[in-house]
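The primary structure of each chain is shown beneath.
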Amino acid sequence: MRRRPNPKIYLVTGIILLSVIAVSFIVGLFWTPYGINATDPAAKLTAPSLQHLFGTDNLGRDVFSRCLAASRYTILVSFAGVAFALVLGTAAGLFAGYFGGILDRIIMVLSNSIMCFPGILLALMAVAVFGPSLYNVIWALGLVFAPTYARVYRSGTIELSSRDYILQAKIMKVRPGRIMFIHIFPNLMSQILPAVITGLANMTLSESGMSYLGLGVQPPAASYGKMLADAQSYITAAPWLIIFPTLMLVFYILGLYFISEWVRTTYGGGRA
Amino acid sequence: MRYKGNILEVKGLTLTVSNNGEPGAVILNGLSFAVRTGEIMGLIGNSGSGKTMTALAVSGLLSDFAKIESGQIIFEGEDLTAKTAKERRKLLGEKIGVIFQDPSSALDPLQTVGSNLAEILRVRNLDKEAGRRQVLDMLRIVGFEDPEQIASRYPHRLSGGQRQRVLIAGAALMKPSLLIADEPTSSLDTVTSMSIMQLLHEMCQEMGISILFISHNLNAVRNFCDRVMVMKDGTVIDSDTSWDIMGQPRSAFTADLLAKSRLDPDKLGLTAGKAADDAPCVLSVKDLSAGYSNGALLRKSSRTVIRDITFDIKEGDCLGLIGSSGCGKTTLIKTLLGLIRPSSGSIEKNGRIAAVFQDPATSLNPAHTVRWHLNEALKASGRNAGGDKDSLFIRTLNETGLAEEHLHRFPAQLSGGQRQKVAIAMCLIGEPSAIIADEPFSALDAASQASVIKLLSDINRERKTTMLIVSHNLRVIRAMCSRVIVMNDGVIVESGDTASVLSAPATETTRMLLDARMYGV
Amino acid sequence: MRSAAGTILIKICEFALTALLVSFFTFIAFSVIPGDPARVMLGTDASEEQVENLRAELGVDRPLSVRYLDWLGGALKGDLGDSLSFRTPVNELIKSRLPVTLGMSLMALIIVLIVAFPMAAVCASRPGSLTDRIVSAFGHVLFAVPAFALSMLLILLFTKAFGIYTAGRYTAPSDDAGKYIASLLLPSVCIALPKIAMTFKFLRASMIEFSASDFARTAKSHGLTDLKILLTHIIPNSAVSSVTVISLVLSDIMGGSLIVEQVFNLPGLGRLLLSAISRRDFPLLSGIVFYLALITVILYFLSDVINAAIDPRIRDGRSL
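Chains as they are written, first to last, in our numbering: chain A, 1 to 272; chain B, 1001 to 1521; chain C, 2001 to 2320.
Fair warning: there could be bad hints in the mix.
Residues on chain C that point at chain A, a partial pick, calculated with CB under 8 Å [claimed, not checked]:
hint, residue
1, S2065
2, L2069
3, G2073
4, H2140
5, A2149
6, L2153
7, M2254
8, L2258
In case anyone wonders, no lab produced these hints; they're calculated from the structure.
On a predicted model such as this, the values are computed, not experimentally measured, just so you know.
Glycine is no exception: its CB is placed at the ideal position from the N, C-alpha and C atoms.
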């Protein structure tokens, strides 16, 4: 007999994975076994041991401490970036979908042209011009992600606009702003929620890529992407330098995917 | 060669459906019936009674979750349950044809109509040229005058009725001996439904195809089927010739079903709303034309849907608007409500006009409570609630037959009828001079229909609120409206006193609408 | 409903407009540098004379619109000026690096398509089966690993387990086509794997949806076997609905290749881009960005054309 997987499995796995990150985030804020940038010339590239749970890197820095500390930037960039993208995308999508016509055309052409810069290219461009800093990374990635949300809101708004209750509101001459944000917006929650959670995960992928290129989170702050870039010369000599930061990233991203999958299957809503 | 005897015999069929690996719920419980060769057998019942599951079991289209526990399905003397899935699939399209409820997406959108149909012949390795002719012949039989042109079209360019005809052509292409029709007309409009049912009737008569006709509409079954059976909880509880079963139902359930489905507006004791002779004009429409514009980037094309509409309604009047679907009724209403800008002509309104729409599923905003809806309507009307809003809301709800407890509910917690009543209460809050109601009862069950009709009629008479009622139910129109307008193809073809228009129709449109009613659809 | 010709005309106009906008964004981004662009580019330790020279070279004293039209005119002719750091035409620099990035992207796309389609068809024909669950779970994990981290893990695996180290041995296609492909194979796989997961997930969902569609049911009632229905109805319809997703995947692949070539030490556009960023070589930078974006615009346009070619509804100007 065939069974559909129980959506609760997604939720439970997601929560377990994310709690690992949440614990490292909270612990990392207050305590790390060693200083984040404290070097120990006597203990370079040592394998994981009881002294150094995740081993040490080429400068003798404790990987475990750095993994704890790096989670805060991963979380900060993903949440702040998605929040920025969401504000921009929501407004653009609601206006485009509700008013249609020329405004819709303009917004869609703008968002399409943003999407024409493949991957993180637009964000790289912004960082090249304005310099690599945490805030530039956040708004630049937010800009890259905004069209995704604009599309979800636009199609949702177009769909809802033909519903009788929106027609009713138009007949009652409710102001367009009110129709958009009070009448339509709450009804798109179930569609936007999975997109927001998936967005957090994708934002993390992008941020780690930028940090890997040295254009994301800047030293002295620790970030998983930068840790992996530093480890590149020691892939075979010190695999733990790659495995642990990667695991941290995978736990966070996979946890988010599972939660969004759970939201999607439980509350219906849009597709990926 | 037609099979002698019963073309289909179902004996003691028990079927369960499992959900997520849990033991199955019994859907069909020892179901037994027979379809005689050459007859149309009607199968009626409420939703969940097992009608559709019966159709799927007989045709062999059951999903993997459904399991036949016991019983036999004997088709042309052979037990289908003993056959392999492959043998059963081969029977489909060849000996057994099936058509379903909603034709809107039942054809592959990427293939032409001809290709969609020709696959029946392709999988049987039949001659290509002969097959093409066979497809064209069948398209002609189902009523297409230019079959070649239809065959070369893509499905999205066909109307719902045309699609259902194409699907019937597919089901009948191999001249099967049994056709299973699962609610084939319930998503079509009245006049189209009627023509589809006529087509099925002809196929039974002329091609000798036996039909198992599944419907929830008793009136449709009454005039169309030779025999009828009533299903409840997976078994047949009543079966007889259609006239007997409608006239003297044997079981209490059938009687109840009949009573519920047959809305008799005459028994509601309505009096048609009529305006006083000196009453002022509430809505005056003159030479109104409107349509939709396709705002392409390069050129703007527009399609005029309604033309030169002229009528007026006086205070307290109740005007009916009828016409088959696509005649422009909805466009007219949207234009009157200001949702579409008229391309020419004028609309003079005296006071506020409120609206009630057809579908109770989308009439209220699912994200907000009833109180929010009423408050929104109150704010929009600019009316002074006089201090205590809630007491005004409750008074209004009471007037529509709802209670205080409904005030803080969400739409999902209300029935269809209750939602329509909230929509009406929203209208009343604004104290409009007129209410436009677009098929406000057609999506409701008979009991709720009766109460909503009564409510609107009461509002019309007691509050002197002018009404414009759109409905395809001519009996409701007759009972509620003193005047009626008939539309066809975007223009008013007939108007006047309801009784005289409906008893002595002057145009073909009105006659067709009355005919369709005879078929009960 | 519009005519097919009208639809194509509109698409072409949209394409031209998008390409123009993309060029404008690219240009404007490098022209709004806060402060004196020449000074910013050269850094604080450059002499006043150098700055003055660069100003003249960039032509910053001319109005923005003139400079934009100038630059656009050059770009259309394939002349994007000279790189400041390499002192060679931007065009030639890009041309020499393009085979790596494009070759890798193309190979990755092919890998994605030939793996994702059959896998989705197998899983969607028996959703919830053991195969389906294992493949889907594996897909989720692949989804979650950044491509560059995956590359490192694969390099680790290949060196430790098989003793082969492939990174950094690039052969130009003109020298040896076979070795060229071989040198790009592992990087392409690394870029492709997460995208296979994404494409697979979308295709599987759409195939399951179409299997339950009314037209699949009609085909059953016409007596077609499940396999025949999969081949003639479900796969073509899923392909149509996935054209947009696949073009997004392709754009992601190109973006991803910029990073992954870094791990494998391949001389592609990504490394050129990084060196342009670190040397503040804005003419080169804007050239790379513009070309990459233009390629993406063309890809999106092609996907629209393909879509219209197979879907009659789109030819009629209906959006899905």
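>> Of the numbered hints stated earlier in the document, which are not met by this structure?
In response: The structure breaks hints 1, 2, 3; every other hint is satisfied.
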